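*Asks:* Chains A and B, in that order, are what the protein sequence lines are. Heads up: the first sequence at position 218 corresponds to 218 in my numbering, and the numbers run straight through without jumps. Heads up: the second sequence at position 295 corresponds to 295 in my numbering, and the numbers run straight through without jumps.
What the hints contain is simulated information worked out from the structure, not anything from laboratory work. A few of these clues could be false.
No farther apart than 30 Å at their CA atoms in a straight line, the calculated lysine-lysine pairs in the DSS-like style are these [unchecked claim]:
no., chain 1, residue 1, chain 2, residue 2
1, B, Lys141, B, Lys265
2, B, Lys276, A, Lys299
3, B, Lys52, A, Lys276
4, B, Lys4, B, Lys159
5, A, Lys200, A, Lys159
6, A, Lys52, A, Lys154
7, A, Lys97, B, Lys97
8, B, Lys299, B, Lys265
9, B, Lys276, A, Lys52
10, A, Lys276, B, Lys299
11, A, Lys182, A, Lys159
12, A, Lys276, A, Lys167
13, A, Lys276, A, Lys299
14, B, Lys159, B, Lys182
15, B, Lys159, B, Lys299
None of the values given here were measured: they were computed from a predicted structure.
Protein chains: 2
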Amino acid sequence: MEFKVLILGSNSALPAHGRHPSSQFLTVHNNHYLIDCGEGTQMQLDRFDARKSRINQIFITHLHGDHYFGIFGLLTTYNLLRRSFPLQVFGPVGLSKMISTVLDSTGNSLNYSLEVIEIEANEPQMIFEDSEVRVLTFPLKHRIPTYGYLFEEKRPSVKLNGHLLDKYKVPLDFRESIRAGKSFTSTDGTVFPASIFFEKTIEAGKFAYCSDTAPFPLLEEYVQGVDLLYHEATFLSVEKDRAELTQHSTAAQAAMTALRAGVGKLLIGHFSSRYKNLTPFKKEASAIFENTHLVEEGKDYFLD
Amino acid sequence: MEFKVLILGSNSALPAHGRHPSSQFLTVHNNHYLIDCGEGTQMQLDRFDARKSRINQIFITHLHGDHYFGIFGLLTTYNLLRRSFPLQVFGPVGLSKMISTVLDSTGNSLNYSLEVIEIEANEPQMIFEDSEVRVLTFPLKHRIPTYGYLFEEKRPSVKLNGHLLDKYKVPLDFRESIRAGKSFTSTDGTVFPASIFFEKTIEAGKFAYCSDTAPFPLLEEYVQGVDLLYHEATFLSVEKDRAELTQHSTAAQAAMTALRAGVGKLLIGHFSSRYKNLTPFKKEASAIFENTHLVEEGKDYFLD
Numbered sequence: 001m002e003f004k005v006l007i008l009g010s011n012s013a014l015p016a017h018g019r020h021p022s023s024q025f026l027t028v029h030n031n032h033y034l035i036d037c038g039e040g041t042q043m044q045l046d047r048f049d050a051r052k053s054r055i056n057q058i059f060i061t062h063l064h065g066d067h068y069f070g071i072f073g074l075l076t077t078y079n080l081l082r083r084s085f086p087l088q089v090f091g092p093v094g095l096s097k098m099i100s101t102v103l104d105s106t107g108n109s110l111n112y113s114l115e116v117i118e119i120e121a122n123e124p125q126m127i128f129e130d131s132e133v134r135v136l137t138f139p140l141k142h143r144i145p146t147y148g149y150l151f152e153e154k155r156p157s158v159k160l161n162g163h164l165l166d167k168y169k170v171p172l173d174f175r176e177s178i179r180a181g182k183s184f185t186s187t188d189g190t191v192f193p194a195s196i197f198f199e200k201t202i203e204a205g206k207f208a209y210c211s212d213t214a215p216f217p218l219l220e221e222y223v224q225g226v227d228l229l230y231h232e233a234t235f236l237s238v239e240k241d242r243a244e245l246t247q248h249s250t251a252a253q254a255a256m257t258a259l260r261a262g263v264g265k266l267l268i269g270h271f272s273s274r275y276k277n278l279t280p281f282k283k284e285a286s287a288i289f290e291n292t293h294l295v296e297e298g299k300d301y302f303l304d
Numbered sequence: 001m002e003f004k005v006l007i008l009g010s011n012s013a014l015p016a017h018g019r020h021p022s023s024q025f026l027t028v029h030n031n032h033y034l035i036d037c038g039e040g041t042q043m044q045l046d047r048f049d050a051r052k053s054r055i056n057q058i059f060i061t062h063l064h065g066d067h068y069f070g071i072f073g074l075l076t077t078y079n080l081l082r083r084s085f086p087l088q089v090f091g092p093v094g095l096s097k098m099i100s101t102v103l104d105s106t107g108n109s110l111n112y113s114l115e116v117i118e119i120e121a122n123e124p125q126m127i128f129e130d131s132e133v134r135v136l137t138f139p140l141k142h143r144i145p146t147y148g149y150l151f152e153e154k155r156p157s158v159k160l161n162g163h164l165l166d167k168y169k170v171p172l173d174f175r176e177s178i179r180a181g182k183s184f185t186s187t188d189g190t191v192f193p194a195s196i197f198f199e200k201t202i203e204a205g206k207f208a209y210c211s212d213t214a215p216f217p218l219l220e221e222y223v224q225g226v227d228l229l230y231h232e233a234t235f236l237s238v239e240k241d242r243a244e245l246t247q248h249s250t251a252a253q254a255a256m257t258a259l260r261a262g263v264g265k266l267l268i269g270h271f272s273s274r275y276k277n278l279t280p281f282k283k284e285a286s287a288i289f290e291n292t293h294l295v296e297e298g299k300d301y302f303l304d
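Okay, chain A solo, but in the shape it has when bound (with noise of 0.2 Å):
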């Protein structure tokens, strides 16, 4: 049981010295997110060994290409995979629209259920829930309308003690009920409460996805005292002027608003190509808010 996020993209749009566009594949617990879908995620997905027919939530930040330009690929693959669950995809208006254009033309039909959910929202929304999650977007601040997402955890993550569940016989079956917090009933009748099985429980908790975006002050109120704060730091403080001009953030920035807001650790990505060497971003953003992690592909994230 867990709640981690593995790094498909860290670069910003010109994908360069092997850093690939942004994507992020999210679980929590049992199941399985994508945000953003640059292109060659379907790509990156089997790489890194992610579970990409897991994934029934999509959500999309904005539709700079960088963001999505992969998820015609991604949604073909799934029909030639002959998928059969449907899959929501979230995004901004527009998407829908495009999305079928692009899918109309191949003159396939897709086998799966495909929703597109298109937000509009002037303050944080609650956009979706399930028995893992529920999921609020929020306003970002970017050349064209973008959209955060806060992942909000509903259920602790829970370490099963082995010795324990051997002694006292519990089936294989039982055991994602216990951590859910049932009881167990042993064949002689006994009722064990579940957390007597819990070895070690960490508290639900929260992580949020902000990219692309200039820095506001309302972003450190929507992502306050989150566990895990993925922001864009597209370039350095030396380049701040065109950071503001392209609505974007440097590292210094990104580092501001995760002390501001309180969280717990600050990840940092979508990386200029201009910049091979990374070091620098480290330096700066470590220097305003210690527990700061630059992303790495194929790396997994957890909350501390």
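For this one, chain A is given, so just place chain B on it according to the hints.
*Replies:* Using the frame of chain A, we list chain B on its own:
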């Protein structure tokens, strides 16, 4: 001076086994062309050091995603790289609407002139000509309108004699015009016919690209006598029924077309993801047409 094709993608629709969707980078003397543009083509161009900024024409065979989903990213990247040269894209009806729908959504206008030329052809038709090639298109037989392309070199490939160039002090700038057959006048007024500098001349050649297609008798006429034929071979003969159903070819069918058309060399590709090991393709095709090569990504293929 050369006539060669670099393979960027060799697989059919589902990327697998490290193989990518269709794309080829064609060089004819000083000019470069892209044929098909599956997802990830811009990364493959970079990976194999192909000079993507030198591409001025892109030829799309049909609107199945594995042949064109990479075009949105490539066109956007040209913009970010501040391309100023015009770009022409040839392809089936529907391509223009798709490109404009997708690019409009990004909110950016292009820095360069983009001309999309939509093809409708029931028989071979000349669609393009520049200093190096004439390009004809011809209809293929597939589930949606699909076009093959024939590239006819306009002048022979000439290798100059370095020893004579040095002896008569021919400046570097003049070498290109000598290759093109123009005489050279030295500083003392002596006129040298171009041909005295020719060490080796390779006749002007022809390259045809046929993907995706089922076999059909007219195709042998369309590609009659070409020096180099790229023909799809999605399946082995054991899957002949599936090939027919999906309007694809087997390795044996591709080889039979090459044999009947009397081509010089056959390249086969567009392998189904069901095949990890491709050795049986080589065996099946070369039993019918000996000079068959399985395309490998990153490798250049020349006219013999």
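*Asks:* Each of the hints needs a verdict: does it hold here or not?
*Replies:* Results for each hint:
For the proposed pair lysine 141 (chain B) and lysine 265 (chain B), the alpha carbon gap of about 22 Å is at most 30 Å, so the pair holds. Between lysine 276 (chain B) and lysine 299 (chain A) the CA atoms are separated by roughly 27 Å; this keeps the pair inside 30 Å, and the hint holds. Between lysine 52 (chain B) and lysine 276 (chain A) the alpha-carbon distance is near 20 Å, which keeps this suggested pair within the 30 Å criterion. Pair hint lysine 4 (chain B) plus lysine 159 (chain B) holds up; C-alpha atoms about 15 Å apart against a cutoff of 30 Å.
Of the pairs offered as hints, the one joining lysine 200 (chain A) and lysine 159 (chain A) holds, with about 5 Å between alpha carbons and a cut-off of 30 Å not exceeded. The straight-line distance between the Cα atoms of lysine 52 (chain A) and lysine 154 (chain A) is roughly 23 Å, inside the 30 Å bound, and the hint therefore holds. Straight-line distance between C-alpha atoms of lysine 97 (chain A) and lysine 97 (chain B) comes to about 12 Å, which keeps the hinted pair within the 30 Å bound. Proximity of lysine 299 (chain B) to lysine 265 (chain B) is assessed by CA-CA distance (about 15 Å); at most 30 Å being required, the pair is judged to hold.
The hinted pair formed by lysine 276 (chain B) and lysine 52 (chain A) meets the criterion: a straight-line CA distance of about 20 Å does not exceed 30 Å. For the suggested pair lysine 276 (chain A) and lysine 299 (chain B), the alpha carbons sit about 27 Å apart, so the restraint of at most 30 Å is met. Straight-line distance between C-alpha atoms of lysine 182 (chain A) and lysine 159 (chain A) comes to about 15 Å, which keeps the hinted pair within the 30 Å bound. Under the criterion of a C-alpha separation no larger than 30 Å, the hint pairing lysine 276 (chain A) with lysine 167 (chain A) is inconsistent with the structure, at around 54 Å.
With a C-alpha separation of about 19 Å, the suggested pairing of lysine 276 (chain A) with lysine 299 (chain A) holds against the 30 Å cut-off. A threshold of 30 Å between alpha carbons decides the hint, and for lysine 159 (chain B) with lysine 182 (chain B) the separation of about 15 Å falls inside it, so the pair holds. Restraint check for lysine 159 (chain B) and lysine 299 (chain B): satisfied, since their Cα atoms lie roughly 22 Å apart, inside the 30 Å limit.
In summary, the one numbered hint that this structure violates is 12.
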